[in-house]
Amino acid sequence: MRPMSTTSSKTPLSHIRNFSIVAHIDHGKSTLADRLIQSTGGLAEREMSEQVLDSMDIERERGITIKAQTVRLHYKANDGETYVLNLIDTPGHVDFAYEVSRSLSACEGSLLVVDASQGVEAQTLANVYQAIDNNHELVTVLNKIDLPAAEPDRIKEQIEEVIGIDASDAVLISAKTGLGIPDVLEAIVTKLPAPKSEGGDAAPLKALLVDSWYDTYLGVMVLVRIIDGTLKKGMTIRMMGTDAKYTIERVGVLTPKMVNMDALGPGEIGFITASIKEVADTRVGDTITEDKRPTDKALPGFKPAQPVVFCGLFPVDAADFEDLRSAMGKLRLNDASFSFEMESSAALGFGFRCGFLGLLHLEIIQERLEREFDLDLIATAPSVVYKLFMTDGTERELHNPADMPDVVKIAEIHEPWIRATILTPDDYLGGILKLCQDRRGIQIELTYVGTRAMLTYDLPLNEVVFDFYDRLKSISKGYASFDYQITEHKEGNLVKMSILVNGEPVDALSMMVHRMAAEKRGREMCEKLKELIPKHMFKIPIQAAIGGNVIARETISALRKDVTAKCYGGDATRKRKLLEKQKAGKKRMRQFGKVEIPQEAFIAALKMGDE
Amino acid sequence: MQTATLTAIGDGMDPGFGVYVHWPFCAAKCPYCDFNSHVRHQPVDQPRFVSAFLKEMEEARELSGPRSVTSIFMGGGTPSLMEPATVDAILQGIARHWHVPNGIEITMEANPSSVEATRFHGYRAAGINRVSLGVQALNDRDLKFLGRLHNVEDALKAIRLAREIFPRMSFDLIYARPNQTVEEWERELKEAVSYAVDHLSLYQLTIEEGTPFYGLHKAGKLIVPDGEQSAVLYEATQDITAAIGMPAYEVSNHARPGAESRHNLTYWRYGDYAGIGPGAHGRLSVGPGKIATATERKPEEWLRLVETYGHGMVEREALDLEAQSDELLLMGLRLKEGVDLARWQSLSGRDPDPEREQFLIDNGFIERLGNSRLRCTPAGMLILDAVVADLACP
Ligand SMILES: Nc1nc2c(ncn2[C@@H]2O[C@H](COP(=O)(O)OP(=O)(O)O)[C@@H](O)[C@H]2O)c(=O)[nH]1
Ligand SMILES: C[S@@+](CC[C@H](N)C(=O)[O-])C[C@H]1O[C@@H](n2cnc3c(N)ncnc32)[C@H](O)[C@@H]1O
Ligand code: SF4
Ligand SMILES: [Mg+2]
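Same order as they appear, the protein sequences are chains D and V.
FYI, the working numbering numbers position 328 of the first sequence as 328, with every residue one higher than the one before it.
FYI, the working numbering numbers position 141 of the second sequence as 141, with every residue one higher than the one before it.
Just so you know, the hints here were simulated from the structure itself, not pulled from any lab data.
Just to be clear, a hint being listed does not mean it is correct.
[Claimed, not checked] Away from chain V, derived, C-beta distances all over 12 Å, residues of chain D:
id : residue
1  : 164
2  : 176
3  : 193
4  : 216
5  : 257
6  : 316
7  : 328
8  : 388
9  : 392
10 : 412
11 : 488
12 : 528
13 : 575
[To be verified] Derived SDA-like pairs (lysine to any residue); straight-line CA-CA distance at most 25 Å:
id : chain 1 : residue 1 : chain 2 : residue 2
14 : D       : 566       : V       : 139
15 : D       : 176       : D       : 75
16 : D       : 581       : V       : 35
[Stated by the list, open to error] Quick look at which bits of chain V chain D covers, simulated, 3 or more residues with Cβ under 8 Å:
id : segment
17 : 203 to 209
18 : 223 to 234
19 : 280 to 287
20 : 324 to 332
21 : 374 to 387
Predicted model only: the values in this text are computed from it and were never measured.
C-beta atoms are modelled at their ideal positions from N, C-alpha and C, and glycine is treated no differently.
Using the sequences and the accompanying hints, generate a full structural model.
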């Protein structure tokens with residue numbers, strides 16, 4: 001992005017509204033944001049590509065918002081006054097709940113968008129409760145009323161019943177056709193509160209570091225919300241958490257084009273640049289103040305995002321290791337919530353152990369590495385973070401089953417649990433209850449919202465990271481919605497299960513499992529691997545073991561016949577091309593002793609059904 | 001008979017230079033066949049094809065340079081649908097473009113359904129000295145299943161005629177048919193062997209993509225013997241043919257020593273060949289390199305191309321050394337005589353991976369013949385494709 005122009009302004013507090021949009025995925029948050037930008041003239045018509053706020057390729061393709069973005073709108077209200085509306089877009093997916101919460105803390109109100117045909121879903125609930133926790137005023141917006149299936153009255157009732165907020169004055173819109181958009185803008189001005197500032201614009205600077213990201217032209221950009229005082233170009237600021245000092249080079253706002261400003265006053269949201277080297281140097285939630293006239297009280301700040309899911313990422317071609325390292329470094333510039341450290345595996349060679357906010361985050365990072373950096377990767381089984389309480393009284397974290405210490409030295413293993421909320425049409429309830437039960441779930445609540453069941457379950461995260469979400473979708477034909485929060489670590493009867501192929505342990509396939517489920521898992525793993533590993537010239541035993549005990553086994557029989565019957569002059573080309581493919585395929589296989597395991601086996605072996 | 005020049009080991013294993021001519025028409029399409037063959041309900045304008053064949057030879061001659069031909073093969077399709085005059089014109093054309101020594105092997109494929117004594121005499125007079133008959137099965141039920149237009153009686157008559165008229169003959173059978181037992185096949189093969197002169201091609205039924213059998217197979221309506229059963233059938237085939245002195249010299253080809261197909265040896269020894277006609281492939285050495293050629297498959301389109309541009313070539317790829325080494329290996333290991341390692345090394349620029357080679361030797365899949373040749377054992381031949389992939393991998 002390049003800065004476009006310079007505007008000079010400091011808007012009075014009464015004429016500012018800072019707001020977010022909270023919604024379940026696909027209920028139309030991004031579409032509404034685009035409409036708001038368009039109808040306030042933020043971008044010329046021809047500059048509007050669809051969903052301007054989702055700027056990364058992957059966001060566009062998957063239709064999800066990954067990184068919170070922000071935009072400043074100018075709106076001339078019915079009272080004749082012009083207001084500055086700052087919209088902070090938030091990601092909808094549970095993996096990024098942390099980013100949702102910090103975006104919300106920068107504003108005073110939210111638009112609660114609910115699809116008027118679908119009604120309340122799991123993420124609607126999770127996000128609206130976060131908004132309420134942040135003391136937000138809410139404007140309820142029922143979207144997609146252009147759809148024949150829209151039932152605004154029923155959904156209003158549902159919102160009142162399930163969420164417990166007054167929905168009688170909900171704004172009915174179609175973000176797609178533009179219907180009702182002026183009413184949304186008017187409601188933002190009349191129903192949402194203006195920001196407050198105790199000290200006003202003359203007080204010592206106090207600003208919240210909302211977000212930071214890396215821009216190719218400008219380097220690290222920091223999104224700030226001014227609480228008190230005035231932030232000016234040239235000012236020397238201090239980050240109160242890290243104690244680092246910087247001189248501000250650029251102050252501005254995003255409309256969503258970048259517009260330079262001389263200063264930002266209380267209640268305003270904008271960006272700064274200040275020769276900060278890395279995104280990792282900025283701490284989201286930190287308080288920014290003026291170095292020579294600091295505020296006496298820092299803002300409470302946020303807990304840093306903790307990775308909850310770990311997996312190994314290895315280059316298919318060992319020669320790509322350095323490329324992978326540099327690609328990860330580049331991605332981290334923009335995503336401090338993703339962590340990595342070098343790991344070496346007997347099976348897969350050198351790679352990285354990476355931490356993610358959740359499974360979607362994992363998939364997105366893997367996909368970006370493969371797509372943007374043209375790397376071929378093998379991902380190992382995702383693992384949660386276990387707490388090990390050792391017999392000698394020490395405590396440690398286990399991110400990788402391969403690092404599991406000798407069991408005799410372990411007193412207790414604790415695993416993370418989540419509280420999951422699932423909303424589903426009645427028809428699928430039986431299947432979902434069974435799924436949760438099979439995954440060691442503990443039912444907390446089962447209520448009805450019209451014909452939809454709302455389930456609350458406590459589940460071990462370990463049981464969710466593999467394929468819970470996929471299974472849930474397939475059981476409910478996509479109709480169930482799901483959200484969760486990590487609650488606590490609890491002791492579990494957990495063991496490390498190793499997989500041996502041709503007598504050799506394959507470290508990348510080992511996993512932590514509950515003792516009671518071990519045999520079943522082991523059997524499924526062996527069966528799956530039997531399908532995934534092609535026949536070799538010799539027979540291959542596959543075993544699942546706990547310690548020295550084999551709990552399941554399968555055998556891949558030796559290749560008996562594999563020869564083309566007819567091969568004459570006209571077949572040489574075809575056969576050569578086949579051979580070239582085979583050779584390339586072999587490169588993508590991992591060699592264990594004499595056995596070649598296709599890379600798909602590593603991830604596919606973990607996606608096991610419960611049918 | 002020209003046995004003197006044909007001994008596989010005795011001829012110094014010269015890969016040679018063959019000319020292949022493709023006749024792309026059949027009376028009916030067999031449901032298993034993915035060859036470039038087409039059924040036409042109008043009579044084919046044979047003189048027009050002859051002119052086009054001759055035209056295309058000019059182009060091939062340009063590429064190959066002057067050479068002495070070691071064999072000629074008329075394949076199909078069903079070449080025995082050609083008029084003897086057509087065959088005669090083609091053979092004369094070849095002799096005008098390259099040096100064709102007296103007595104070289106000149107084969108034609110023939111279908112038992114289109115065999116007549118007068119035509120056979122005509123082919124013989126034109127210069128054909130070897131026929132390969134598509135017998136496929138020796139019982140009427142299976143011939144029907146295979147969609148063949150002939151019955152056992154026709155097949156036996158064709159074999160008799162071919163033996164009478166041509167100095168050399170061979171015939172093809174397809175086995176590993178659905179539900180075929182080893183006993184049934186052994187009986188059928190022993191009968192076949194009694195009709196054979198000195199050469200037999202015995203193919204296991206292959207389900208080729210795009211054929212009616214492929215669809216049936218996918219739908220589970222046609223079940224072919226599994227790996228174990230087809231291995232047993234293959235082994236029985238080896239035993240029976242070896243016992244009567246016609247052992248396999250290639251995966252699916254059996255001959256008395258000296259009666260091997262000279263032309264097909266050129267393919268497997270990775271020699272040069274010119275491909276003439278619709279859908280024909282060629283390999284031609286150009287200096288130290290090799291080019292792979294292929295022509296348009298659709299007969300009428302091929303005609304149009306030849307008549308407009310002088311040739312029907314649609315692919316012409318210079319093979320790099322790696323590609324040549326792959327082809328040498330995958331063709332050469334099909335032969336009982338194996339491949340010349342020095343030749344493979346000079347193309348691939350490497351030795352076989354010693355650990356992998358030793359593993360294959362220890363497991364009885366390959367063996368060294370002295371220092372210079374590498375070949376598959378009978379056990380290795382059964383899993384040849386896996387062995388080749390293993391050895392070809394750097
Ligand atoms: N019919 C209709 N479709 C809409 C409307 N608003 C959004 N959509 C569609 O719903 C899908 C999800 O919208 P999006 O804005 O990406 O949802 P988000 O995931 O909440 O950001 C897209 O296919 C939109 O085109 C609407 O008002 N009417
Ligand atoms: C080029 S074909 C044609 C010869 C001649 N048109 C005929 O069918 O009699 C040569 C041989 O390949 C064999 N063949 C063709 N398709 C096959 C398949 N799908 N599986 C096994 N053998 C096949 C047949 O034995 C056939 O005789
Ligand atoms: S007759 Fe031969 S070439 Fe023609 S379709 Fe049948 S098998 Fe194929
Ligand atoms: Mg979106």
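Hints and how they fare:
Distance check on residue 164 of chain D: its Cβ is at least 57 Å (rounded) from any Cβ of chain V, clearing the 12 Å threshold; non-interface status holds. Consistency note on residue 176 of chain D: stated as away from chain V, and its beta-carbon is indeed over 12 Å from all of that chain's, at 43 Å minimum. At roughly 66 Å from the closest C-beta of chain V, the C-beta of residue 193 of chain D stays outside 12 Å, upholding its exclusion from the interface. Separation of residue 216 of chain D from chain V is adequate, the least Cβ-Cβ distance of about 39 Å exceeding the 12 Å criterion.
No Cβ of chain V approaches the Cβ of residue 257 of chain D within 12 Å, the least distance being about 51 Å, so the stated non-interface status holds. Against chain V, the non-interface label of residue 316 of chain D holds: every CB pair exceeds 12 Å, the least being about 15 Å. Here residue 328 of chain D stays apart from chain V, with its beta-carbon at least about 29 Å from theirs, past the 12 Å limit. Every beta carbon of chain V lies more than 12 Å from that of residue 388 of chain D, the smallest distance being close to 40 Å; the non-interface claim holds.
No beta-carbon of chain V is positioned within 12 Å of the beta-carbon of residue 392 of chain D; the least distance is around 45 Å. Annotated as non-interface, residue 412 of chain D keeps its C-beta farther than 12 Å from every C-beta of chain V; the closest such distance is 46 Å. Against the 12 Å criterion, residue 488 of chain D stays outside the reach of chain V, whose nearest CB is about 51 Å from its own CB. Distance check on residue 528 of chain D: its Cβ is at least 21 Å (rounded) from any Cβ of chain V, clearing the 12 Å threshold; non-interface status holds.
With a cut of 12 Å on Cβ distances, residue 575 of chain D falls inside the contact zone with chain V, its closest approach being about 5 Å. For a cut-off of 25 Å, the pair hint linking residue 566 of chain D to residue 139 of chain V stands: about 22 Å separates their Cα positions. Proposed proximity of residue 176 of chain D and residue 75 of chain D is supported: the alpha carbons are some 20 Å apart, at most 25 Å. Straight-line distance between C-alpha atoms of residue 581 of chain D and residue 35 of chain V comes to about 23 Å, which keeps the hinted pair within the 25 Å bound.
Judged by the Cβ-Cβ criterion of 8 Å, the segment 203 to 209 of chain V is covered by chain D as claimed, because 4 of its residues qualify and three suffice. For the segment 223 to 234 of chain V, the proposed coverage by chain D is satisfied: 5 residues have a C-beta within less than 8 Å of a C-beta in that chain, meeting the threshold of three. Counting residues of the segment 280 to 287 of chain V whose CB falls under 8 Å from any CB of chain D gives 4; the rule of at least 3 is met. Coverage of the segment 324 to 332 of chain V by chain D holds. Counting CB-CB distances below 8 Å, 4 residues qualify, and the rule asks for three or more.
Given as covered by chain D, the segment 374 to 387 of chain V passes the check, having 7 residues with a CB less than 8 Å from a CB of that chain where 3 are the minimum.
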